[in-house]
Amino acid sequence: MDVASVDRIRRHPKFIELTRKRTRFGWTLTAVMLVIYYGYILLVAFAPGFLGQPLYAGAAATIGLPIGVGVILSAIALTGLYVARANGQFDRLTREIVEGGRQ
Amino acid sequence: MRRFLTALPMAALLALAAAPAWAVGALEGPSVKQATNWVAISMFFGFVLFTLGITYWAAKRTRSRAQFYTAGASITGFQNGLAIAGDYMSAASFLGISALVYSSGYDGLIYSIGFLVGWPIIMFLMAERLRNLGRFTFADVVSYRLSQTPIRVLSAAGTLTVVAFYLIAQMVGAGQLIRLLFGLDYVYAVIIVGVLMIVYVTFGGMLATTWVQIIKAVLLLGGASFIAFSVLYAFGFNVEALFEKAVEVSPKHAAIMKPGTLVKDPVSAISLGLALMFGTAGLPHILMRFFTVADAREARKSVFWATSFIGYFYLLTFIIGFGAIVLVSTNPQYLDAKGVLIGGNNMAAVHLADAVGGSLLLGFISAVAFATILAVVAGLTLAGATAVSHDLYASVFRRGRVNERLEIRVSKVATVALGILAILLGIAFEKQNIAFMVGLAFAIAASANFPPLILSMLWRGLTTRGAVVGGTLGLVTAVVLMVLSPAIWVKVLGYPTPIFPYDAPALFSMPLAFFAAWLVSVLDRSESARGAKRQFEAQYIRSQTGIGVAEAVEH
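So the protein sequences, as listed, match chains A and B.
All residue numbers for the first sequence refer to our numbering, where the first residue is 1 and numbers rise by one.
All residue numbers for the second sequence refer to our numbering, where the first residue is 1 and numbers rise by one.
No lab work stands behind these hints: they were computed from the structure.
Be aware that one or more of the hints could be misleading.
Unchecked claim - Far from chain A, some chain B residues (derived; all Cβ distances over 12 Å):
1) Tyr106
2) Gly273
3) Leu360
As the list claims (entries may be wrong) - Subject to a maximum C-alpha distance of 20 Å in a straight line, what follows is the list of computed EDC-like cross-link-like pairs (lysine to aspartate or glutamate):
4) Lys533/B to Asp7/A
5) Lys21/A to Asp91/A
6) Lys21/A to Glu537/B
7) Lys21/A to Glu96/A
8) Lys252/B to Glu240/B
9) Lys252/B to Asp107/B
10) Lys412/B to Glu430/B
11) Lys431/B to Asp265/B
12) Lys533/B to Asp2/A
13) Lys245/B to Glu404/B
14) Lys14/A to Asp91/A
15) Lys14/A to Asp107/B
The beta carbon of each residue, even a glycine, is placed where N, CA and C say it ideally should be.
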C-alpha cells in the first residue's frame with residue numbers, strides 16, 4: 001500500500017469509526033471475560049467454601065456448579081455477541097471503506 | 001479368522017509381559033474384552049480407510065504451496081470451527097478430563113474452564129487481525145513489519161519447541177492408550193500413528209489434515225454426546241439425582257461436588273490459568289488454522305463455532321465423569337482386585353461407554369480415541385513442517401527467493417523427518433513421566449509465541465530487537481522454571497526438593513517476556529526500529545480492513 005492511500009484511509013471517517021468501535025468493543029469484551037474467569041479462579045482459590053455450599057437446602061448440587069457452567073456459557077455467549085455485531089456493523093463499515101478506496 | 005481372534009489377545013499378553021501393572025490389569029478382565037478389542041480394531045480400520053480415501057481426494061487438489069499449507073484458504077468458518085475443536089479436543093482432554101472429574105469431581109470443571117476461556121480472547125483481539133495479516137504461519141504476522149530473519153528464527157524455534165513437547169505427549173499417550181484398548185504393542189502403536197500421520201500430511205497437506213480433524217471432531221462429539229445422554233437418560237434427565245447418587249457412592253462423598261485439592265494455592269491457580277488462556281493463543285497448529293479460511297469474517301465464525309463445540313464438549317465430559325462415578329465405580333466388572341479402575345482412571349470414559357452402550361459403543365469410543373490422536377498429531381506435524389519449510393528454509397535460508405515446488409518438497413521432507421522423530425521420541429519416552437509436557441507446551445506458547453505475536457499486531461512501538469529479546473527470554477524462562485519445578489525436578493529427575501516451587505511458570509515467564517519486549521523496544525534507537533514503527537500504519541489498516549489480502553493469496 002502506498003503512502004497516499006495509507007494516509008487517505010487513516011483519515012477516512014468510516015475507518016476511524018470502525019477502529020474506534022471495534023477496539024472499544026473488543027477490549028470491553030476481553031475485560032468482561034477476564035473478570036469472569038479470574039473472578040471465578042479467585043473464588044476457587046480464596047473462597048472454596050462459598051462454591052461448595054448446597055444449591056438449595058438438602059441438594060447435592062453446589063452453588064459452584066451453575067457458576068462453573070455459567071463461565072462456560074458466558075464464553076460462548078460473548079463470542080456470539082462479538083460475531084453478531086462484527087458480521088453486521090463492522091463488516092458494513094469495512095465494505096464501505098474498501099469500496100471507497102476503489103473509486 | 002477365528003485363529004486371528006484367539007491369537008490377538010495372546011500376542012497382546014506376550015507384548016504386555018513387561019508393561020506396568022495397570023496395563024496388565026486390562027487383560028485380566030472378563031473375556032468379553034477380547035471380543036470388544038476386535039470391534040474397536042475394525043472400526044478403527046474403517047476410519048483409517050475412509051481418511052486415506054480423503055487423503056487421496058485431497059492429494060489431487062493439493063498442488064500449490066497455498067493449497068499444501070492452508071488448503072488454499074478454502075475452508076468455511078463452520079468447518080474450520082469444527083477442525084479447531086478437533087485440534088483442541090485431544091484424547092488427553094477427553095480421557096484426561098473425564099478421569100479428573102471421575103476422581104476429583106468438581107475440580108475437573110475448573111480445569112476444563114481454563115482450557116476454554118482463551119478462545120473468547122483470541123476472538124476479540126486476534127482472529128480477524130491474524131487472518132488479515134498472515135498467509136501460512138504466525139511468523140508471517142510477526143514479521144510483517146519487522147526483520148524477516150531474526151523473527152522467523154524465533155518463531156520457528158517457538159513453534160518447534162511447542163510442537164515437540166506436544167507431540168511427545170500425544171505419542172506416548174497414543175502408545176499407552178492403544179496398548180490398553182486394542183491390546184497392541186506400544187511400539188507398533190506408536191509406529192502406526194507416526195506412519196499414518198506422515199501419509200495424511202505429505203500427500204493430503206492441510207486439506208486432508210482438516211478433514212481428518214473434522215471427521216474426528218464429529219465422531220468424538222457424537223460418541224461423547226451419546227454417552228452423556230445415556231447417563232442422563234438413566235437418571236430420567238434429573239441432574240440432581242445423578243449428583244445425589246454420585247455423592248452417595250463416591251469415596252469422597254460430598255467433597256466431590258466442591259473445589260478440592262487441584263488448586264493448591266492462588267499463585268499456582270493464576271499461573272495455570274494464564275498458561276491455559278494465553279497459551280491457546282500461541283499454539284502454532286491452532287494459529288495456522290486461521291489461514292485456512294477466506295477472510296476475517298470466516299475467521300471470526302471459526303472461533304465462535306470452535307468455542308461452542310469445545311464448551312459443549314467440556315459439559316459432556318463433566319457428565320461423563322459423574323456417570324462413571326455412578327455406573328462404573330460401582331460395578332466390579334470394571335475394577336481390579338484393589339477396587340481401582342482397570343487400566344487406571346483414564347479409562348473412566350471408556351468403561352462408561354461399555355456400561356451404557358455395550359461392546360459396540362466401547363469399540364466405537366476406542367476407535368475414536370485412536371482417531372483423535374492421529375488427527376491431533378497430523379495437525380501438529382503440519383505446523384512444525386511449515387515452520388521448517390516456510391519460515392526457516394524459504395524465508396531465512398533462501399531469503400524468500402525459492403520456487404514453490406521446492407518449498408513444498410522441503411515441507412514434505414520435514415514432515416517425514418518430524419514423523420520419524422515423533423516415533424523415536426514416543427519410544428524413548430515410553431517409561432517417562434510425561435504429565436508435565438502439555439502444561440509445558442502451553443507455558444512456552446504463552447511466553448515465547450504469544451507476546452511477540454500480540455504486540456506486533458497491537459503495539460506500534462514493537463521493534464525487531466524487542467520481539468526477539470522478549471520471545472527468547474519467555475522461551476528460556478518457561479523451560480528453565482519448568483525444569484526446576486516439582487513436576488520435573490522432583491518427579492522426573494528425582495531430587496528431593498524443587499528449586500522453583502510452582503508447576504506452572506507462566507505467571508513469571510509471560511510478564512517477563514512482555515516487559516523485556518517493551519523495554520528493549522523503547523530503548524531501541526536503530527534505523528530498523530524507526531522503519532518498523534513507520535510501517536505500522538499500513539499494517540494497521542490491513543489488519544483492520546483486510547485491504548491487500550486478496551493480492552497476497554495465491555490460487
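Right, here's what the structure says about each hint:
Interface exclusion of Tyr106/B from chain A breaks down, the closest Cβ pair being 6 Å apart, not more than 12 Å. Not every CB of chain A lies more than 12 Å from the CB of Gly273/B, the least distance being 5 Å, so the non-interface label is violated. Chain A leaves Leu360/B outside its interface by the beta-carbon criterion, the shortest separation being 31 Å against a cut-off of 12 Å. A threshold of 20 Å between alpha carbons decides the hint, and for Lys533/B with Asp7/A the separation of about 15 Å falls inside it, so the pair holds.
The hinted pair formed by Lys21/A and Asp91/A meets the criterion: a straight-line CA distance of about 12 Å does not exceed 20 Å. As the CA atoms of Lys21/A and Glu537/B are separated by approximately 18 Å, the hinted pair is consistent with the 20 Å bound. Of the supplied pair hints, the one linking Lys21/A and Glu96/A holds, its CA atoms being roughly 15 Å apart against a limit of 20 Å. Our distance criterion of 20 Å between C-alpha atoms is met by Lys252/B and Glu240/B, whose separation comes to about 17 Å.
For the hint linking Lys252/B to Asp107/B, the alpha-carbon distance of about 13 Å falls within 20 Å, and the restraint holds. Our distance criterion of 20 Å between C-alpha atoms is broken by Lys412/B and Glu430/B, whose separation comes to about 27 Å. At most 20 Å may separate the alpha-carbon atoms for a hinted pair to count; Lys431/B and Asp265/B exceed this at roughly 30 Å. Restraint check for Lys533/B and Asp2/A: satisfied, since their Cα atoms lie roughly 16 Å apart, inside the 20 Å limit.
Pair hint Lys245/B plus Glu404/B does not hold up; C-alpha atoms about 61 Å apart against a cutoff of 20 Å. Between the alpha carbons of Lys14/A and Asp91/A the distance comes to roughly 11 Å, so the proposed pair stays at or under 20 Å and holds. With a CA separation close to 48 Å, the supplied pair Lys14/A and Asp107/B exceeds the 20 Å bound.
Violated hints, listed in ascending order, are 1, 2, 10, 11, 13 and 15; each of the other numbered hints is respected by the structure.
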